[in-house]
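Enquirer: Given next are the chains, with one letter for each unit.
There are 2 protein chains.
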Amino acid sequence: MKLLEEKILSCGKVLPGNVLKVDGFLNHRINVELIDALGEEFYRLFSSYTDINKILTVESSGIAIACAAARHFKVPVVFAKKGNNANVGRDVYSAEVFSFTKGTSCTINISKKYLGPEDCVLIIDDFLANGEACKGMIKMIEEAGAKLAGIGIAIEKGFQPGGKELRAMGIPVKSLVIVDSMTDDSISFRDDD
Amino acid sequence: MKLLEEKILSCGKVLPGNVLKVDGFLNHRINVELIDALGEEFYRLFSSYTDINKILTVESSGIAIACAAARHFKVPVVFAKKGNNANVGRDVYSAEVFSFTKGTSCTINISKKYLGPEDCVLIIDDFLANGEACKGMIKMIEEAGAKLAGIGIAIEKGFQPGGKELRAMGIPVKSLVIVDSMTDDSISFRDDD
Chain X
13 MKLLEEKILS CGKVLPGNVL KVDGFLNHRI NVELIDALGE EFYRLFSSYT
63 DINKILTVES SGIAIACAAA RHFKVPVVFA KKGNNANVGR DVYSAEVFSF
113 TKGTSCTINI SKKYLGPEDC VLIIDDFLAN GEACKGMIKM IEEAGAKLAG
163 IGIAIEKGFQ PGGKELRAMG IPVKSLVIVD SMTDDSISFR DDD
Chain G
13 MKLLEEKILS CGKVLPGNVL KVDGFLNHRI NVELIDALGE EFYRLFSSYT
63 DINKILTVES SGIAIACAAA RHFKVPVVFA KKGNNANVGR DVYSAEVFSF
113 TKGTSCTINI SKKYLGPEDC VLIIDDFLAN GEACKGMIKM IEEAGAKLAG
163 IGIAIEKGFQ PGGKELRAMG IPVKSLVIVD SMTDDSISFR DDD
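Sequences listed follow chains X and G, in order.
Take the position in the first sequence, starting the count at 1, then add 12; the result is the number in the numbering used here.
Take the position in the second sequence, starting the count at 1, then add 12; the result is the number in the numbering used here.
Hints should not be assumed to be uniformly reliable.
No distinction is drawn between identical chains; accordingly, a pair holds when it is met within one copy or between any pair of copies.
What the hints assert, rightly or not - Here are the simulated lysine-lysine pairs, BS3-like style, with alpha carbons at most 27 Å apart: (1) LYS14 with LYS151; (2) LYS124 with LYS25; (3) LYS25 with LYS14; (4) LYS125 with LYS33; (5) LYS125 with LYS86; (6) LYS176 with LYS124; (7) LYS114 with LYS86; (8) LYS86 with LYS176; (9) LYS186 with LYS159; (10) LYS114 with LYS33; (11) LYS33 with LYS94; (12) LYS19 with LYS151; (13) LYS176 with LYS14; (14) LYS25 with LYS125; (15) LYS159 with LYS114; (16) LYS94 with LYS14; (17) LYS125 with LYS176; (18) LYS19 with LYS114.
Think of the hints as simulated: they come from the structure by calculation, not from any bench.
Please take these sequences and the hints and turn them into a complete structure.
Expert: Structure (structure tokens):
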């Protein structure tokens, strides 16, 4: 998606440890107009998956784009909550997720009230690197007996294994941009299919 | 706001310790259509404040309604990040906030890049009880030399002191609903002005 590539090139910053900082428009300061365009694009990419009745993401940075997509699908968003004191009650699906950026592990939880066998789920998230958050959500979707329609990602780091592994599992993974490589002064994107 | 009152009555649940659980539509499962209506209402309430150029909230549950409001104001959202490893860099405004629901204290941070003297800020949040999160954001707005236009709240607990204290400071606080009292089997709302 050209619009997002341009925004990354103009506002993104590469930090040590393969961190791509996009907090100017995606996950600290939110450019709502851009987020809305991403949501519309997710809808275009997954519009043939007519069974989708729920969008799943993880707090916090997935929430804005998940809502922007959900508006077009006309379905609710459920966001997995982080931490053990996550105020979601005790009857939850849980998964352990390692955060690439923070270098720490945390538990994510979804109340069993909000995910079940009747659900066909689209996962939306801001980043895909090693795929830890997605794998955690997939585990919970399986435990709930729900169906996974696919995964929509804003920025995939193509040089890390998450995307490849998830696609090898047969899951439709569609990323708005895939970063193939990045250095302090250059970011190169994979060409669209 | 009648729509939100009805939703609270049909889906909200009162838990011990004065907790009003609205995770079915606001802060775990998100009813995007409802959230959009709340965003529109915030715009109506603050539309005469034409200087607003930024909406400020706290992760996570404020993000969705802040974005829904920001779409109408055509301004960006900045959400304060929780925790010391918040991945916002070191050049930040910080405040200590006590969470009423979780019974714990945490640090919230905003990068100095995203709040400054040029900003006229509308704070949007899901709940107002003791006003801790708002007071933390106000402290950061003051430190940044920014202007506070007002505070928009989805659900104010009128029997806790936050709203009264903030209004006594001369801040325009507009809540979509004010809960005057609640018990296990009844919730009563303050009449609209």
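Enquirer: Run every hint past the structure and note whether it holds.
Expert: Now for the hints, and whether the structure bears them out:
no.	hint	result
1	LYS14 with LYS151	neither (33 Å within a copy, 39 Å between copies)
2	LYS124 with LYS25	between (38 Å within a copy, 16 Å between copies)
3	LYS25 with LYS14	within (18 Å within a copy, 45 Å between copies)
4	LYS125 with LYS33	between (35 Å within a copy, 13 Å between copies)
5	LYS125 with LYS86	within (20 Å within a copy, 35 Å between copies)
6	LYS176 with LYS124	neither (30 Å within a copy, 37 Å between copies)
7	LYS114 with LYS86	neither (33 Å within a copy, 32 Å between copies)
8	LYS86 with LYS176	neither (30 Å within a copy, 37 Å between copies)
9	LYS186 with LYS159	within (17 Å within a copy, 41 Å between copies)
10	LYS114 with LYS33	within (12 Å within a copy, 30 Å between copies)
11	LYS33 with LYS94	both (21 Å within a copy, 17 Å between copies)
12	LYS19 with LYS151	neither (33 Å within a copy, 31 Å between copies)
13	LYS176 with LYS14	within (22 Å within a copy, 48 Å between copies)
14	LYS25 with LYS125	between (40 Å within a copy, 14 Å between copies)
15	LYS159 with LYS114	neither (30 Å within a copy, 32 Å between copies)
16	LYS94 with LYS14	neither (32 Å within a copy, 32 Å between copies)
17	LYS125 with LYS176	neither (32 Å within a copy, 35 Å between copies)
18	LYS19 with LYS114	within (23 Å within a copy, 37 Å between copies)
The structure fails hints 1, 6, 7, 8, 12, 15, 16 and 17 (numbered hints given earlier, in ascending order).
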